[in-house]
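Protein chains in written order, with this note's numbering: chain V, 1463 to 1785; chain H, 1463 to 1785.
These are calculated hints, taken from the structure and not from any lab test.
Please note that the accuracy of each hint is not assured.
Capping the alpha-carbon separation at 30 Å, the derived lysine-lysine pairs in BS3-like fashion look like this [claimed, not checked]:
id	chain 1	residue 1	chain 2	residue 2
1	V	Lys1579	H	Lys1648
2	H	Lys1512	H	Lys1536
3	V	Lys1635	V	Lys1765
4	V	Lys1700	H	Lys1656
5	V	Lys1684	H	Lys1700
Quick list of the computed label-pair ranges, beta carbon to beta carbon [what the hints assert, rightly or not]:
id	chain 1	residue 1	chain 2	residue 2	range
6	V	Arg1769	H	Gln1712	34 to 40 Å
7	V	Ser1720	H	Glu1646	44 to 50 Å
8	V	Asp1667	H	Gln1712	34 to 40 Å
9	V	Met1575	H	Ser1745	47 to 53 Å
10	H	Thr1665	V	Asp1667	42 to 48 Å
11	H	Gln1712	V	Val1516	49 to 55 Å
12	V	Lys1771	H	Ala1539	33 to 39 Å
13	H	Ile1596	V	Asp1717	50 to 56 Å
14	H	Lys1648	V	Ser1720	31 to 37 Å
Partner residues are not named here, just some residues of chain H that face chain V (Cβ under 8 Å, in silico) [as the list claims (entries may be wrong)]:
id	residue
15	Val1516
16	Ala1610
17	Thr1649
18	Gly1651
19	Ile1653
20	Asn1696
21	Lys1700
22	Glu1703
23	Leu1708
24	Phe1774
In this text, a Cβ means the ideal position worked out from N, Cα and C, and glycines have one as well.
Protein chains: 2
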Amino acid sequence: MKIGLDVMGGDFAPRNEVLGVIEALPELHDGSEVILFGDEAQIKGVCREKGVDVSGFQIVHTTEVIGMQEHPAKAFAQKPDSSMATGFRYLSEGLIDGFASPGNTGAMMAGVMYTVKTIEGILRPCISCFFPVIDGRWGLLLDVGLNADCKPENLYQYAILGSLYAKGASGEKNPRVALLNIGEEKTKGNIVTKAAYELMKDTKDFNFVGNIEGNELMTGEKADVVVCDGFVGNVILKMAESFYRLADCQGIHTDFFSKLNYEFHGGTPVLGVNAPVIIGHGSSSPKAIKNMILNTEKTIRAKMLDRVKDIFRNSSFNKDDNS
Amino acid sequence: MKIGLDVMGGDFAPRNEVLGVIEALPELHDGSEVILFGDEAQIKGVCREKGVDVSGFQIVHTTEVIGMQEHPAKAFAQKPDSSMATGFRYLSEGLIDGFASPGNTGAMMAGVMYTVKTIEGILRPCISCFFPVIDGRWGLLLDVGLNADCKPENLYQYAILGSLYAKGASGEKNPRVALLNIGEEKTKGNIVTKAAYELMKDTKDFNFVGNIEGNELMTGEKADVVVCDGFVGNVILKMAESFYRLADCQGIHTDFFSKLNYEFHGGTPVLGVNAPVIIGHGSSSPKAIKNMILNTEKTIRAKMLDRVKDIFRNSSFNKDDNS
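Kindly produce the complete structure, drawing on both the sequences and the hints.
Next comes the structure, spelled out in structure tokens:
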């Protein structure tokens, strides 16, 4: 299995990226390898500094870098030899099995749309993240920021994607899927969640358990997968991360609070697209990069793509007119 | 100052309500008194059990109770001698200065709309809550659940209301008001927050400091008042409360986490209506009731109503066609 990594896109590139690769290598499964996209001389420089044998690294040398402040679509189109664009080319040609980057998120999404593209039948892709549950397990939340204005149909599709991803990545046999809402009753919510509830209530596409509220997210008592629009999900994700820091600055270091640290997963998979793509934090630490690589491996191993394609090929949802 | 309390509406009524009053009385300012709306015999029963002299209590005897599961508007209209309806009648006749209840939230809002009504010029009322900031201060978040589908104009008005309430209740001279969003840049967000940003960016009605993200809420570094729609605010409120319990069950009891407990404030003021009205949790403990009473006193003392009426009388916003 070949895991592609953009080592030039992050705020501390390529140093943190290369250090993350060094940390990740011993923890990968047999047969997994990391392909580094970036400036060969800089990558080798970090390796030498750390006394790491560079011959074990597979580097695809690139000459351009997409910056954090660049216009996503323009930068992606105008820098074909950037680490990011080259990685996506390798991904779409099947030369790597998945691609991860802590770079410009908009450019990553432009890369997805220009190369591997959305799976047929999916109205809008989304990004997901695992969140810790107090009993030690993990829950899955989606969308956490890609689609800030969701329609009920988007939420319905995210429920299917989240259910399949939880099955593949966490081994849950029949994940309980809930709709995040502001009341348990079906009449509660905003216009979108009320309509989404109606779409979901009798579904056979996933194991719908109804609405859950913000206080039930991390108890894990009701749901394994929680669906919401990308605005709400992003606020939750960032708020949860801030609780890691709020606990940390009070000297609190429990298993639960440690797992709220973004470094614990290092990146969020883009779901609903034709290849495993993982987006990381711009300011990723080496630990975050390491975990993003392991997370990418997990996403590739989940092998959910064929199943998703099968389901959505026969889906009743038409293409989104506004997309 | 006369603080009205519905002692029959909560899940553990009237016991927790009466115990809460007993706890609150020593902490009220001189000249403040609590008027209890409810069944006189039951109220006296709890007092006797606790050995409290009932002669110091001002009780308005009522014979009906609005249940938690009742249809809000119907129950309010059909039970004129309920503790809640009687309280609102006293409020609208100026016999009390504010009214608080842990009862049926929908019926409370029906009560507001039927009696004291929305301030002229306000499109939709909202509810607000204080949240703890890590440096020990408090921030104000609104709307936390009344208006799940907000328009940009609603958010703009909530910013005015929040700013005035923070001035009155916390003594902040020029509170920094931020729009909760999923990015700092003005182009980030959903359709509503992007439009709200445009309304707010050059305003002189409040001290607008721009967008803040979910991770910046409880640092307090950027804003004193944070505005969002009632769906997002309700999710945040409940998630924050759940962190109190998540910390508690891990044996963590710091000042900061204790302040996330809903009991700390006990209720959320309804802003944008013609009298101080506070809505509490249905399952309020005596401590929560005590703090709801103190919170009601604080809201009455904030004396923001005349200022709000002045501002909105001259407001350019027209009545909401969908309300």
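Do the hints match the structure? See the list:
1. Lys1579/V to Lys1648/H: Roughly 28 Å between the alpha carbons, so the hint for lysine 1579/V and lysine 1648/H holds.
2. Lys1512/H to Lys1536/H: violated, 36 Å
3. Lys1635/V to Lys1765/V: holds, 15 Å
4. Lys1700/V to Lys1656/H: holds, 19 Å
5. Lys1684/V to Lys1700/H: holds, 15 Å
6. Arg1769/V to Gln1712/H: 34 to 40 Å: For arginine 1769/V and glutamine 1712/H the Cβ distance comes to about 37 Å; the hint holds.
7. Ser1720/V to Glu1646/H: 44 to 50 Å: violated, 27 Å
8. Asp1667/V to Gln1712/H: 34 to 40 Å: holds, 36 Å
9. Met1575/V to Ser1745/H: 47 to 53 Å: holds, 48 Å
10. Thr1665/H to Asp1667/V: 42 to 48 Å: Roughly 46 Å apart at Cβ, these two residues keep to the hinted range, so it holds.
11. Gln1712/H to Val1516/V: 49 to 55 Å: 44 Å Cβ-Cβ, so the 49 to 55 Å window is violated.
12. Lys1771/V to Ala1539/H: 33 to 39 Å: Distance hint for lysine 1771/V, alanine 1539/H is violated at roughly 55 Å.
13. Ile1596/H to Asp1717/V: 50 to 56 Å: violated, 22 Å
14. Lys1648/H to Ser1720/V: 31 to 37 Å: holds, 35 Å
15. Val1516: violated, 37 Å
16. Ala1610: This interface hint holds because 4 Å falls under the 8 Å limit.
17. Thr1649: It is violated, given that the least Cβ distance between threonine 1649/H and chain V is near 11 Å, above 8 Å.
18. Gly1651: holds, 6 Å
19. Ile1653: holds, 5 Å
20. Asn1696: holds, 4 Å
21. Lys1700: Holds, because the Cβ-Cβ distance from lysine 1700/H to chain V comes to roughly 3 Å (cut-off 8 Å).
22. Glu1703: Since chain V brings a Cβ to about 6 Å from glutamate 1703/H, closer than 8 Å, the hint holds.
23. Leu1708: holds, 6 Å
24. Phe1774: With a closest approach of 25 Å, the phenylalanine 1774/H hint is violated.
In summary, the structure is inconsistent with hints 2, 7, 11, 12, 13, 15, 17 and 24 from the numbered list given earlier, while agreeing with the others.
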